[in-house]
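Protein sequence lines correspond, in order, to chains A, B and C. FYI, our numbering numbers position 9 of the first sequence as 9, with every residue one higher than the one before it. FYI, our numbering numbers position 15 of the second sequence as 15, with every residue one higher than the one before it. FYI, our numbering numbers position 287 of the third sequence as 287, with every residue one higher than the one before it.
Any given hint could turn out to be false.
Put simply, identical chains are the same to the list, so a pair is met inside one copy or across any two.
[Unchecked claim] Derived DSS-like pairs: lysine-lysine, alpha-carbon spacing no greater than 27 Å straight-line:
1. K32 to K94
2. K32 to K201
3. K336 to K349
4. K300 to K51
5. K201 to K349
6. K345 to K334
7. K349 to K334
8. K322 to K300
These aren't lab readings, by the way, just hints derived from the structure by calculation.
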Amino acid sequence: MTIKDIQNYLGQFFDSVELEGSDELVISGPAKIETAQKGQVSFIANEKYAKYLSTTEASLVIVHRSVSVEEFSSGISFLKVSDPYSAFVFVLQKFATPRMIAAKGIAPTAVIGEGVTIGEGTSVGAYAVIGDRCSIGRNTVIGAHTVLLHDVSIGEDSILFPSVTCYDGTIIGHRVVIHSGSVIGADGFGFAPQSNGSYVKIPQMGIVEIGDDVEIGANTTIDRATMGGTVICRGAKIDNLVQIAHNCRIGEDTVIAAQAGISGSVTIGRQCLIGGQAGFAGHLELADRIHVAAQAGISKSFMEPGISLRGYPAQPMRDQLKHEAMLRNVGAMKAKLDRLETEMKELAKK
Amino acid sequence: MTIKDIQNYLGQFFDSVELEGSDELVISGPAKIETAQKGQVSFIANEKYAKYLSTTEASLVIVHRSVSVEEFSSGISFLKVSDPYSAFVFVLQKFATPRMIAAKGIAPTAVIGEGVTIGEGTSVGAYAVIGDRCSIGRNTVIGAHTVLLHDVSIGEDSILFPSVTCYDGTIIGHRVVIHSGSVIGADGFGFAPQSNGSYVKIPQMGIVEIGDDVEIGANTTIDRATMGGTVICRGAKIDNLVQIAHNCRIGEDTVIAAQAGISGSVTIGRQCLIGGQAGFAGHLELADRIHVAAQAGISKSFMEPGISLRGYPAQPMRDQLKHEAMLRNVGAMKAKLDRLETEMKELAKK
Amino acid sequence: MTIKDIQNYLGQFFDSVELEGSDELVISGPAKIETAQKGQVSFIANEKYAKYLSTTEASLVIVHRSVSVEEFSSGISFLKVSDPYSAFVFVLQKFATPRMIAAKGIAPTAVIGEGVTIGEGTSVGAYAVIGDRCSIGRNTVIGAHTVLLHDVSIGEDSILFPSVTCYDGTIIGHRVVIHSGSVIGADGFGFAPQSNGSYVKIPQMGIVEIGDDVEIGANTTIDRATMGGTVICRGAKIDNLVQIAHNCRIGEDTVIAAQAGISGSVTIGRQCLIGGQAGFAGHLELADRIHVAAQAGISKSFMEPGISLRGYPAQPMRDQLKHEAMLRNVGAMKAKLDRLETEMKELAKK
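Model the full structure from these sequences, guided by the hints.
This is the structure:
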């Protein structure tokens, strides 16, 4: 693919893709600016990395249209766009080699239950087990060893990597990606305490419902609702080893980083960002576009959209940072207090 | 099932199940009070939800026997019991549709090792692998793709969902439930440091022993002991993504929420409640009935039964809450300190 | 094995292995000092356990060469070495019964792709799936149900327990152990935010590279790099349920305890010790031999080798302990402040 080809390709996504330098060179692939070699394309989206412009071996660099590139131009071509980060992502997609998750068609060793419907173009990998009455849309890929219990429904163009487990009744939308080892729809953790100290299991009769364009990482667990549904809305992105308990609702385009844990019946709004290892108490709500810092502990609802939360128990970022600064100041306070005490004693003597 | 049938059924569990209203209506299923429709049964166990009594569409509501229901009775029937929450759980169990985890009998694709014994009525799912000399009791279900290495013993009426892994020598009791993706009996994390900075693996020669009536969530890991056993006692309930390290002992009816982590050689008493994401240092002990708050960090033993712990390092709830209140007060202290300093200066001038 | 045999065996590892007592007794196996029975071998490496020497039933105890054993010698034999802990580990290795992970050879139900090479002496378990162009060295064991996507390379003498998943392109060295449920090489968590609040997936085109002598616990996730490699260097030991994000580099002989989470592009030096549930922000670096306390939150780089870190945000141990002590002192400060205020008022009256 030549630089010209890349310019044309990016033209689909951006109003203006301005070229500085030669457009004929063939580009072999993408690379990070620090390690790029001759023939490779890279990008600068963050000023922090601008220093590499003078030393990079890259043949093509995608930069913001405001960047002045005259001084660097010897041997490097530049493409100038309004969002160099996204532009580079599109270039990555262009160069990505297709990954083979399961061979075309239904593997002869796949176990297909009764009343199952499978759409055209869908692949089912070796040893996959598809329970009774499951329905899988077109052009979906079910990896080897993935198990669907009965009555699971999956849309079109979705990918379940090998060794995913979906319990009965799970509903999965279109263009959903679920990575290996994740367990969707296991029983919510509900037990009714009895007077002798033991517990009676509360039947978990609901399901999990996953909207379109959701991506779920590896070894994540999303529990079925006690009644009704645990709902992951369209576009949400969930990382590895995340726990989402029964009856939660995760809003559209909300992003949850690795090892975060969401207790039962939590509702999180749209376009929130939840940091890694953050924890949520049960039965609370977050408004839209809230950011939760890594390792924060959310103990109550926050209904103001767009705020940032931090700490344990979490509070709005500004309050929490002020609180933390105050605590760091305790040593100085102690010194002042001791000095005042001494002065007081001297004053009292007089 | 009519309201009369439900009244009779609950009569097995409660001394008194008093009906107010019609007993003839057929109930189609259970629902939450906020979303219940005509023909459904719901419950009120918490005053917070009593407000829904005036608007619910439910045909039958289970309430505490102290609730006065005259004002609501138009069209709703009530069953009054001493514990409406547990009563509703029993109703849920009655309505729960049986889940099909594995077809009756031993799947032809299951691999059964030498010297294996399997009880009557037990199902083994597709592609399950049962190692040499394993023993499985009656009426147990082994899900598809579950792997038992050699010498594993499982009791009666237990359920291993698909894709559970039990390492060699694991002992599992009766009526145990283990959800998908959990790994029981992997090697404890033990390495002996050598003088050159590298490590020699300490062989993990013990086992995991799981008592009767234990439930273990999805993607949880319970490591085998170095010598002897890692023991999960009767009735313990363990959520998803929990880590229990080698040589731990978890007491009877103790409940451990998701993503908690218990380091090696920890002993936890009976009927404890461990919050989500709580962490334990190694080689310590908790007495019976101790509650540990979510995200707490337990750094030493606590031998007083029934206390609550919170914070990092965790301390008894009352001390910790006082400590946290004191810290929130630091801003006010600083203000007072600055004021005193000013007053002192003025006093000194005089 | 007689005591004499054990003495000779340990002679391979230590310059001096001195015997006190009889050397003829046959030893049946190892045990903890508190529970050891007649005929068993145990050890004392920590003074805390020395008290058991007067009551143990063990027939052989391995102790440090400085220990004076005259008073205990009736019926017990002693072996004195410079490192009794490591000596006992070697004895454990001697007594460990071989675990059967997969039968010799390639199981007839294993699915082997095109262009796969498998070394002599390697076992592939039932239902394992080996993708196209994978290469597996000699004397390696691939457990039942383990899935390798295409182009995975594994060295010699390695063990993948059942139900491990390796995505395409993963490179694994010699003598590597990976426990069940771990997922190596799933996509890094990278999405480019778009102006409408949704996300475009960033293709994850890199790989995971695991060096020789690495051990990885159960249900751990190590994500592939966006470009280049996520690298786990030789000798690193990683516990259960750990998250290692894209583009991380974990140094040689570094140990990471359970449920720790390492965000993207973090570089950790050699021989570090990372505590359980510790969390790392992205794009930072730790020098060699740094210790991170359990549950700590690392928010920036620390480049001084050998320091210890603790707290959130984490700081060097001494500063953090001083800070925590200062905070515990706030109650006393408040009392003194109130007293000063009263004295001031009295002084002002005069």
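Hint by hint, where does the structure go against what was stated? Just the numbers, ascending.
5
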